[in-house]
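Colleague: Make the full structure from the sequences, and use the hints.
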Amino acid sequence: ASQCVGRVIRSKTDYGLMIFADSRYNRYDKRSKLPKWILQFLGEAYLNLSTDMALQHTRQFLRLMGQPIDQVALQSVLLTLDEVNAMNPAPAQTTTSAGQGGAMITETSSTTATL
40 ASQCVGRVIR SKTDYGLMIF ADSRYNRYDK RSKLPKWILQ FLGEAYLNLS
90 TDMALQHTRQ FLRLMGQPID QVALQSVLLT LDEVNAMNPA PAQTTTSAGQ
140 GGAMITETSS TTATL
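Heads up: the sequence shown at position 98 corresponds to 137 in the numbering used here, and the numbers run straight through without jumps.
Careful, some of the hints might be misleading.
What the hints assert, rightly or not - In silico SDA-like links for lysine to any residue, alpha-carbon gap of 25 Å or less:
#1 75 x 118
#2 51 x 118
#3 72 x 42
#4 75 x 42
#5 72 x 62
#6 69 x 96
#7 51 x 62
#8 51 x 114
#9 72 x 47
#10 69 x 48
#11 72 x 85
#12 69 x 87
#13 75 x 64
#14 72 x 118
#15 75 x 46
#16 75 x 87
#17 72 x 86
#18 51 x 126
#19 51 x 130
#20 51 x 87
#21 72 x 114
#22 72 x 82
#23 75 x 61
Hints in this document: simulated from the structure, not taken from any laboratory.
Just so we're clear, the structure is a prediction, and the values are computed from it rather than from any experiment.
Modeller: Structure (structure tokens):
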């Protein structure tokens, strides 16, 4: 179930509905196997709903999510390319050469070590 519902959300601007129509998800032992990011939205108020109540919640959710995206708020949660690059620095360049007397010298950035 976790893998299937994860396909609903692909980016921070995506939204979708996950409907667990199996009564087994009313049981805590079954729900507890779902990831935390799903469990945080699966409160008691959303368990064992009638079809009419499920449709009402669906309409309300789609009305809310169908509103235009606030670009200022969106920029506060998205990373810039510079921030992504800072989180994933390029690996250091390492060169190896033979030194005097056959000793191996390894250079990494500004550090030189003799083996």
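Colleague: Is the Cα-Cα distance between residue 72 and residue 118 25 Å or less?
Modeller: This hinted pair is violated, its Cα atoms lying about 31 Å apart.
Colleague: Mind checking the alpha carbons of residue 75 and residue 118 for me, to see if they're no more than 25 Å apart?
Modeller: Within the cut-off at roughly 23 Å; holds.
Colleague: Quickly compare the C-alpha distance for residue 72 and residue 85 to 25 Å and report which way the hint goes.
Modeller: With a Cα-Cα distance of about 17 Å, the restraint between residue 72 and residue 85 holds, given a limit of 25 Å.
Colleague: Run the distance test for residue 75 versus residue 42: straight-line Cα separation, threshold 25 Å.
Modeller: This hinted pair holds, its Cα atoms lying about 13 Å apart.
Colleague: Could you grab the alpha-carbon distance between residue 72 and residue 82 and see if it respects the 25 Å cut-off?
Modeller: holds, 15 Å
Colleague: Is residue 51 within 25 Å of residue 62, Cα to Cα?
Modeller: violated, 30 Å
Colleague: Straight-line Cα separation of residue 51 and residue 126 no greater than 25 Å?
Modeller: holds, 19 Å
Colleague: Measure nothing beyond the straight line between the CA atoms of residue 69 and residue 96; if it is 25 Å or shorter, mark the hint as holding.
Modeller: Distance ~22 Å between residue 69 and residue 96 Cα, so the pair holds.
Colleague: Given the hinted pair residue 51 and residue 130, is their alpha-carbon gap at most 25 Å?
Modeller: This hinted pair is violated, its Cα atoms lying about 28 Å apart.
Colleague: Decide if the proposed pair is consistent with the structure: residue 69 and residue 48, CA atoms, cutoff 25 Å inclusive.
Modeller: holds, 22 Å
Colleague: Straight-line Cα separation of residue 75 and residue 64 no greater than 25 Å?
Modeller: holds, 15 Å
Colleague: Is residue 51 close enough to residue 118, meaning Cα to Cα at most 25 Å?
Modeller: Roughly 11 Å separates the two Cα atoms, so the pair holds.
When each numbered hint is compared with the structure, violations occur for hints 7, 14, 19, 20, 21.
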